[in-house]
Structure formats: C-alpha cells, structure tokens
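So the sequences go chain by chain: A and B.
Residue numbering for the first sequence follows the working numbering, starting at 1 and increasing by one per position.
Residue numbering for the second sequence follows the working numbering, starting at 313 and increasing by one per position.
Among the hints, erroneous ones may be present.
[Unchecked claim] Derived BS3-like pairs: lysine-lysine, alpha-carbon spacing no greater than 30 Å straight-line:
1) Lys101(A) - Lys367(B)
2) Lys381(B) - Lys391(B)
3) Lys193(A) - Lys97(A)
4) Lys176(A) - Lys193(A)
5) Lys101(A) - Lys54(A)
6) Lys356(B) - Lys367(B)
7) Lys462(B) - Lys474(B)
8) Lys54(A) - Lys381(B)
9) Lys406(B) - Lys97(A)
10) Lys367(B) - Lys97(A)
11) Lys101(A) - Lys193(A)
12) Lys367(B) - Lys381(B)
13) Lys176(A) - Lys213(A)
14) Lys474(B) - Lys441(B)
15) Lys213(A) - Lys383(B)
16) Lys54(A) - Lys97(A)
17) Lys391(B) - Lys367(B)
18) Lys54(A) - Lys213(A)
19) Lys367(B) - Lys383(B)
20) Lys356(B) - Lys97(A)
21) Lys406(B) - Lys54(A)
22) Lys101(A) - Lys359(B)
23) Lys54(A) - Lys367(B)
24) Lys101(A) - Lys176(A)
25) Lys356(B) - Lys101(A)
[Claimed, not checked] Sample of chain B residues with no beta-carbon within 12 Å of chain A, all distances over it, derived:
26) Lys331
27) Pro334
28) Leu343
29) Lys359
30) Ile404
31) Leu418
32) Glu447
33) Val451
34) Leu455
35) Ala456
36) Val459
37) Lys462
[Unchecked claim] Label pairs and their computed distance ranges (CB to CB):
38) Leu83(A) - Arg392(B): 39 to 49 Å
39) Ile368(B) - Ile74(A): 19 to 29 Å
40) Arg171(A) - Ile368(B): 50 to 60 Å
If you're looking for bench data, these hints aren't it; they were derived computationally from the structure.
Since the model is a prediction, treat every value here as computed from it, not as a measurement.
Glycine included, C-beta positions come from ideal geometry on N, C-alpha and C.
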Amino acid sequence: MLFLLASENNPVNHVLDAPVRIGGMEPYSGLTIQVVTLFVGLLAFMAVLLFASKNISTGHESLGHRRYLSRGRIAQLIEVISLYLRDEMLAPVMGAKDARKFAPFLLTLFYLILSLNLIGMVPMQDMQAITGTWIEDAQLAVVGGTATANIAVNAVLAFFVFIVIQVHGFRQLGVKGWLEHLCGGHELVAGPKGLWLVVPIIFVVEVLGLVIKPAALCIRLFANMFGGHTLLATLLMFGGMTWAGTESGLMTAGVTLLSGIFAVLITFMELFVAFLQAFVFMFLSAVFISLMSHHEEEHDAHELEGATAAAH
Amino acid sequence: MNIFLLANEAAGSSPLSFKLLPAFSTVVVFLVALGTFAFVVWPKIAKALDARDEKILGEIRAAEAAQVKAKAAQSEFEKRLEEARTAADDMIRKARAEADRQADELRTRSQRELEELRLRATQELESAKRTALAEIHAVAATLATTVAGKILKREIQPSDQKRLVDESLSEMTSR
Numbered sequence: 001m002l003f004l005l006a007s008e009n010n011p012v013n014h015v016l017d018a019p020v021r022i023g024g025m026e027p028y029s030g031l032t033i034q035v036v037t038l039f040v041g042l043l044a045f046m047a048v049l050l051f052a053s054k055n056i057s058t059g060h061e062s063l064g065h066r067r068y069l070s071r072g073r074i075a076q077l078i079e080v081i082s083l084y085l086r087d088e089m090l091a092p093v094m095g096a097k098d099a100r101k102f103a104p105f106l107l108t109l110f111y112l113i114l115s116l117n118l119i120g121m122v123p124m125q126d127m128q129a130i131t132g133t134w135i136e137d138a139q140l141a142v143v144g145g146t147a148t149a150n151i152a153v154n155a156v157l158a159f160f161v162f163i164v165i166q167v168h169g170f171r172q173l174g175v176k177g178w179l180e181h182l183c184g185g186h187e188l189v190a191g192p193k194g195l196w197l198v199v200p201i202i203f204v205v206e207v208l209g210l211v212i213k214p215a216a217l218c219i220r221l222f223a224n225m226f227g228g229h230t231l232l233a234t235l236l237m238f239g240g241m242t243w244a245g246t247e248s249g250l251m252t253a254g255v256t257l258l259s260g261i262f263a264v265l266i267t268f269m270e271l272f273v274a275f276l277q278a279f280v281f282m283f284l285s286a287v288f289i290s291l292m293s294h295h296e297e298e299h300d301a302h303e304l305e306g307a308t309a310a311a312h
Numbered sequence: 313m314n315i316f317l318l319a320n321e322a323a324g325s326s327p328l329s330f331k332l333l334p335a336f337s338t339v340v341v342f343l344v345a346l347g348t349f350a351f352v353v354w355p356k357i358a359k360a361l362d363a364r365d366e367k368i369l370g371e372i373r374a375a376e377a378a379q380v381k382a383k384a385a386q387s388e389f390e391k392r393l394e395e396a397r398t399a400a401d402d403m404i405r406k407a408r409a410e411a412d413r414q415a416d417e418l419r420t421r422s423q424r425e426l427e428e429l430r431l432r433a434t435q436e437l438e439s440a441k442r443t444a445l446a447e448i449h450a451v452a453a454t455l456a457t458t459v460a461g462k463i464l465k466r467e468i469q470p471s472d473q474k475r476l477v478d479e480s481l482s483e484m485t486s487r
C-alpha cells in the first residue's frame, strides 16, 4: 500500500473503485477491480463454505460417535459461528421457527459480506503494483479493493433485504394487515377516531421507513468499510507526505515508523470491524424482518428497538 | 507516473456514485451465493447439526432412563436391605429373648434345686441330729442306769429307769 500511496496525495483515491488495466489498456470497458473482487469473494465464500459443510456433515458410521463431530478447524469455526448466529442471535429476535426459515438468507448475507470485507483487507492492489514493476506493467490492476466499500454493492444487498422484508410482511400480515402496519397498526386504525389524525403522519414515517431501513444498512456498511480503509490509507500516506514536505530521511523514517505502528493497530481494528459490520448487517436485517411478523407484540417491539439501538 | 495517473482517474469518481456493473454483478454474486448456501451448504450443516442434536438428546434420554432404572434398583436394594436389617434385628431380638428366657429358667431351676438340696441337707442333718441324740439318750440312759444300779445295789425297774433318765437329761439340758 505504501508503494501506491507514495504517489498519491488523496487517501480516498486508494479506496475508490478503478477500472481493470492490463498492459496499460482497459480490455473490458466498465469492468472494475472491485467487480472482480466481488467474484473472488464469491469464490472464497463458496470454497470455504462447501469445504466446511462437507466436513461438518455427519460422517460414515464406521467412525462411531466421532462421525457427529466436525472435522477440521475451518469446519468447526463455521459451525460455531453458524450455530451461534442462528440459536443465540436470530432465534431470540425472530423466534426459533423464523430463525430456521431465514437462516439461509441471513447467513448468506453474513458470510458473503464477511468474505468481501476480509478480502478487502488483503493488499492485492499493492501486490499487483509490485508485480507490475517486474513485468513492466506499472498500471497492472486486475483485482483489489473492498467491494463492500462500493455503494452499489451494498445497495443491492440492502435491496434484497428490502424485498425479503416486504414479501415476509405480505405473507404474514396480508395486504390489509400490511397497509394497517403502515398506518400504525390495527389498534390505531380500529381505535378511537381522534387518533386517526396521527395516521397520515405515521403513514408517511412508515413509508419512509420502508426505504430508510435498508438504506441505513447500505450506508452503514459502506461508511464503515470506506472510512476504515481511508483512515488506514491516510496513516500510511504520512511517510510520503513528510518526505514531500521536509525531504528529511530521519523525520520521514520516524513518521513512517509511528504511522506504521498505528496502521497495524488500525488493521486489527479493521479486522474486528469486518466481522462486526457483517454481523450488524445480518442482525439488523433479522430485526427488520421480524418487525413484520404477525406475532409482533408491544413488548417484543420494545425489545427489538432495544436490540436495534444496541446494534447501532 | 502511471500509478499517479491511475489515482487521478479514480479521483474523478465519487464514492457515492452508483455504477450499474457492480450492482448487476452483486445481483449475480448474491443469487449464486444464496443458491449455493441455501441448497448445498446450509442443508448439510443443518442436517448435521440436527443429527447431532438428536444424537445428544438420545444419549441424554438414555442416560436419564438408565438413571431412573438405577434409582429404582437402588431403592429396591435399599428396601431389601431394610427388610434384611429388620429381619436380622428381629432374629437378634428373639435370640436375646430366648437366651434371657433360658437363663432365667436355668437360674430358677438352679435356685430351686439348690433350695431342695439345702432343705434335704437340713432335714438329713436334723435326722442325724435326732438319731444321734436318741443314741446318746439311749447310751446315756443305759449307762446311767447301770451306774445308778451299781450305786444303789438294787434292781431298778424300767419305770425308775425312765424317770432317772429324764431327770438326768433335764439336768444335762439345764447345764
């Protein structure tokens, strides 16, 4: 990253998407490195999860009781994460039945976002830049960047959540119930006529909420990933900026060392954020889906609001 | 510098600019990921987890059943032990009572026999005493008579003899 950042004066540029370049050309018009990273993330997602699922599944009877144990650390890790998310995170929010029903969708979101976040931490652009100097292709850029730092990627993921929330709402509440939900619920619509005055206000708020909820998911993930990588890039640029300003080797070394230490610490934090944001996206999706469930009750709503506030 | 050019080119775009290709790619990627996860990965994981749950629940149920059986066996054992203890206590009590009874009987019989023996001895002693006295009486009478006869030089009649003996005896007794 230092190699690239040394030539830049704006840390945001390093986090932004860029076209794929091979041999100084853009062979595929419009194709960007983050799109390629997206597919690399998909391959990583599939490879790890297919491998893990094979090793989690019940083994041959000849293994005896051990056939029920997951084989290998990756499989055990995936199993522990999946089990924890389903039984300890989703089930208390959605209920055991809905947790089982939506686990494939929500865990796909979690693992895909996690894959993209983690791949985004690998300095692939820098590795290509170094490789490019050897093969005399200084502009070489095929893959790299964090796909979840791309607003379009997150918007599509949030759109899928929006679709699931609304489909679940229609199936659970019916069209009439869904409209009542938008108007503040059956208690308000069928309640005293004096309260009808607030129905239009609630309707506007709820309709805006339909969009704001997934939009918040999209922007939160984007802001965290983009902001984190921008901070990291900023820290790593300090050395170059010091050299440009002072041309003092000693000072540049000192600043580079200090900013490097901070960059390492921020990288660890980014690793945590990669997991946290994947979890938050999935968990809030679960909360929003469960808000449309038929069994929604007042105290459940309060609990969910509390959970949402905690996740924020 | 080429990298600088690349950076400048990227700088032209906004972080919030929405591009169709990444969006469309995300649709494809997500659907493939969802399909893979929902139809291949998750069924295997869920099935394995359910099988393990069933296995664990089965083991727990079997352990609980074994525990119930063990408790029943233990209570049966304790019941039998209590019965055996009660029977043993009963036997000991009976034996002790029998021993006491036999001891009492033996003691009573011994005392009775001892008393009979004492009575018999006393009677025999009395009898012997009486016999001895009678013999002494007779000898003394004879002797006294003889002596008296000699002294008096005359024949003493049986009535005299008896009177003399009684007198002698009275004297002897008074002495």
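Q. Failing hints, ascending?
A. 3, 8, 9, 11, 15, 17, 18, 21, 26, 27, 28, 29 and 40
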